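**Q** If you want the building blocks of each chain, they are given just below.
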Amino acid sequence: MNGNGSIELKGTVEEVWSKLMDPSILSKCIMGCKSLELIGEDKYKADLQIGIAAVKGKYDAIIEVTDIKPPYHYKLLVNGEGGPGFVNAEGVIDLTPINDECTQLTYTYSAEVGGKVAAIGQRMLGGVAKLLISDFFKKIQKEIAKSKQEAS
Amino acid sequence: MVDHGIGKPMYRLEDVRLLQGQGQFMDDLNPLPNIHHVAILRSPYPHARIKAIRTDKAALVPGVKGVITGSMVASLSRPFPVGVTAPVKYYSLAVDKVRFVGEPVAVVVAKNRYIAEDALEKIEVEYEPLPAVVDIERAMEEDAPLLHEEVGSNIANQRTFHYGDVEKAFQEADYTISHKFLFPKYSATPMETYGVIANYEKSTNSYTVWANFHGPFTLHSVMAAALQVPGNKLRIITPKDNGGSYGIKAGIYPYVVLMAIASRVAGVPVKWIEDRQEHLAASSSGTDRVTYIEAAFNKDGTVTALKMKMIDNVGGYIRAPEPACLYRNHSNAVGPYRIRNLYMEAYAVMTNKCPTGLIRGYGGQEHYFPIERTMQMIAEKLGMDPAEVIRKNLIRADEFPYKTPSGGIYDSGDYHKAFELLLQVGKYHELREYQKKAKADGKLFGIGLACIVEPSGSNMGYITMALTPEERAKSLPKSGCAEAATVMIDPSGSISVRISTTPSGQGHETVAAQIVGEVLGVNPRDVQVVAELDTLTSPWSVASGSYSSRFAPIGSSAIYQAAQKVRQKLLKIASGILSTSEEDLDLSQGKVVVKGNPEKSVSIKRLAGLSHWHPQGLSEGVEPGIFETAYYTVHTANPPDKNEFVNSSVTYGFVADLVAVEVDPDTGEVKILDYYTVHDAGKLLNPLIVDGQIYGGLVHGLGGALYEELSYDKNGQFLAGTFMDYLCPTATEIPPIHIHHIETPSPFTPLGAKGLGEGNCMSTPAAIANAVADATDCIIDNLPLSPNRVWNLLQKKRQEQEKVYIRGDH
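As you go down the protein sequences, you meet chains D and Y in turn.
Residue numbers for the first sequence follow this note's numbering, beginning at 368 and rising by one.
Residue numbers for the second sequence follow this note's numbering, beginning at 2 and rising by one.
Simulated from the structure, these hints should not be mistaken for lab results.
Note that the structure is a prediction, hence the values are computed from the model and not measured.
Among the clues, some could well be false.
Estimated spans, in silico, between C-beta atoms of each pair [unchecked claim]:
1. Q416/D x T731/Y: 53 to 61 Å
2. S154/Y x K412/D: 37 to 45 Å
3. S179/Y x I374/D: 52 to 60 Å
4. G268/Y x Q416/D: 44 to 52 Å
5. I374/D x T723/Y: 57 to 65 Å
6. S391/D x D667/Y: 50 to 58 Å
7. I374/D x N789/Y: 29 to 37 Å
8. I374/D x D665/Y: 38 to 46 Å
9. L405/D x P666/Y: 58 to 66 Å
Here a beta-carbon is modelled for each residue, glycine too, at the ideal position from N, C-alpha and C.
Isolated chain D (complex conformation) (with noise of 0.2 Å):
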């Protein structure tokens, strides 16, 4: 399964890509996310419970963050294996300032998955995708507006 997008984030390219690479803010973005813990350099440990169609479940993903170019640019890798069958996924993302104020973020990914959520949840993965991709973005844009205001 392949997908794009782009989004635009009220804030500075600096301001997004911080909260982007910080672990506690990732962890509470990242929906069904119990715990992430560094586990060497830009490497990471999760615990995900996410349920795909009518495969619920928990994952242990180690999640990597490649070919960074600050604050523009970075891959991430997830791999997922669980009771539900396994995840591998590839992001790239990239920030290009609209403004002084807006940042736009564009970002392809790729995932493939077996086992049970392929043969259960192959047809709804997509509109998985997408509300995983969507819920985390709003997540990130809320952060940005508190430590804005907490800044203010």
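Place chain Y on chain D using the hints.
**A** Here is chain Y on its own, set in the frame of chain D:
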């Protein structure tokens, strides 16, 4: 009571208990105390090396009694024997590698299923994913991912056969035609899934298993060999009722062995009931097949030769009884046609899909789809009516018994009569007239015909066609074609019959009672039928079971002969009492009566009482008790010979189908307007059951034609894990079905009956494909004909027509 005799439409005796909720299915059994429950961890990868399995956390879950992994299975069992020379190691649990999504990797035994399922999540498996292959022809290429290193290739079996002079026929023919066809992987979806209860008894090193397994019981020896015990240390008992099989429950045998081992390791009796997701992903299925077909034919429509290259996808492991799908129709490979020259090339290929096995129609649908499509394509090429091409080639009534080029002996038939009946009841000519009008109005209306020969009562020797004559010569000749039954009368005079045909809904109990009732002159409702098979106490043979439509030709014959033995014994005892010779006696209304003097009689009750209570009163040479077993076989079921001739079935029925369809040009949806099917299955034993069987087979065939496919993505992930993704026809999809019969009794069976439960599985996909091709003028060479597939074909055709139009314009 005559009303309920052989050939009468008696209501099914089974239905009384089934309709009152008193059936005894696998999950209803509770034969032992302390039964524990099993859950199975399955591979999410189509192809991967297992680097490590850590089970300690799962083992510590309260209530867990044991965790079984591949290494234990490898030490407690041997790979299953299989009828090919390729050294494929197939165990009941993955050892070192997984080769399809859903392959069992570990087993948890726990106090209940909930605990077992939860404990599965605590098992950690480290996989090293490997490249997967699912495409049949890709798997045959040298650089394809290799599933079994020790085999050195993904080709598990390969044979070629020449009958007649094919090359000469092709040289001399007016025309030839060739095409490639693909038949999809599809399944049988019984309401009741697999279920096993197993108990290991340490003191005797023996296993007792209850399973809704239905044979072939040749697989009993396969299981015993895997468990390394003599046959009498593996006792298999089947439940009274089986919630449907359609062939697929033959594939339960790896789980029988797996549960036997699980019981041994955990030290408790274990029970496993398969869930629907497990069933769709990993039970068994039909093979998907690529066929390259070439036909040689003359101007008048006479087909003189066929060449077929058939490549079956047997999934991750070739397992018994595969590669039988390639050979089951070997003797009837030319179908109902007088084609004398035949070349066949057969391949069984392993890919990263679920392993295959018996499915209703076994091999027939894969085989007849390309042949019947080709017959229609020949008609198109010659500008002839397809019915005329079929007529030209059908075997004539005066040619029976007909020997086919590959050694089959078609026992009886009148194909022309059946076919003409079809055209008449289906109003074929009126339909053709209507079609002209409909097409002129822009409607995509089409008519499809298909004629097939339906084999029944397998001669299991055909499976050894997978070996060369030299390889076959190294072992005992195999034909495996016998069935047994026992008829007994207790001291009170009541009659029971024990059958070994493991029915799975086909009404064997009813027909058995009808046969015994008629032979012994009693009401069938007073005959008790025991259908549970127990390998330690039932009479059975390697061929026993419920497959290849073998009840009508073979199972019923064994019952008939056992009843005849009892009849002879009753007459013999009565002869002494009535001082009348046996020839002058008859059985009627529960009594032995003197012919022409019905006042003079003695009841069966009295005769049975005598044989039990007063054996000394029997005349000399008569054994006490009444308990007679008969084994039945057919003399034409010989092992394959050195010239590769084999008669792979005992009887051969005939099916002719006519279907009218309309295709929606905007959505590609196929609507079936009418379906006519004419059957010749010899003497019908119970017409009511017969029509039920035909409806079922036809609807299963409809599923294969239009809806059902076990689809995988290119990486080997399984995509049809629920009934949302794997579509089965439901009541609303079933078209108007019109069934007609002719009866040409088989000369080879005592009752003249032939099997008939599978015919439409074989013919319906081809008939519908022909109708859709006729409606759309598209080439149909792949199934199922889902709206998506048909719509794409229509689009392609439209684009091509536009191109032609544009080119023509300039």
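**Q** Now, for every hint given, state plainly whether the structure supports it.
**A** Structure-based check of all given hints:
1. Q416/D x T731/Y: 53 to 61 Å: 35 Å, violated
2. S154/Y x K412/D: 37 to 45 Å: Holds - the Cβ-Cβ distance for S154/Y and K412/D, about 41 Å, lies within 37 to 45 Å.
3. S179/Y x I374/D: 52 to 60 Å: 55 Å, holds
4. G268/Y x Q416/D: 44 to 52 Å: 35 Å, violated
5. I374/D x T723/Y: 57 to 65 Å: Violated, at about 33 Å.
6. S391/D x D667/Y: 50 to 58 Å: 54 Å, holds
7. I374/D x N789/Y: 29 to 37 Å: The hinted range 29 to 37 Å holds for I374/D and N789/Y, with Cβ atoms some 33 Å apart.
8. I374/D x D665/Y: 38 to 46 Å: At roughly 40 Å between Cβ atoms, D665/Y and I374/D fall inside 38 to 46 Å, so the hint holds.
9. L405/D x P666/Y: 58 to 66 Å: At roughly 60 Å between Cβ atoms, P666/Y and L405/D fall inside 58 to 66 Å, so the hint holds.
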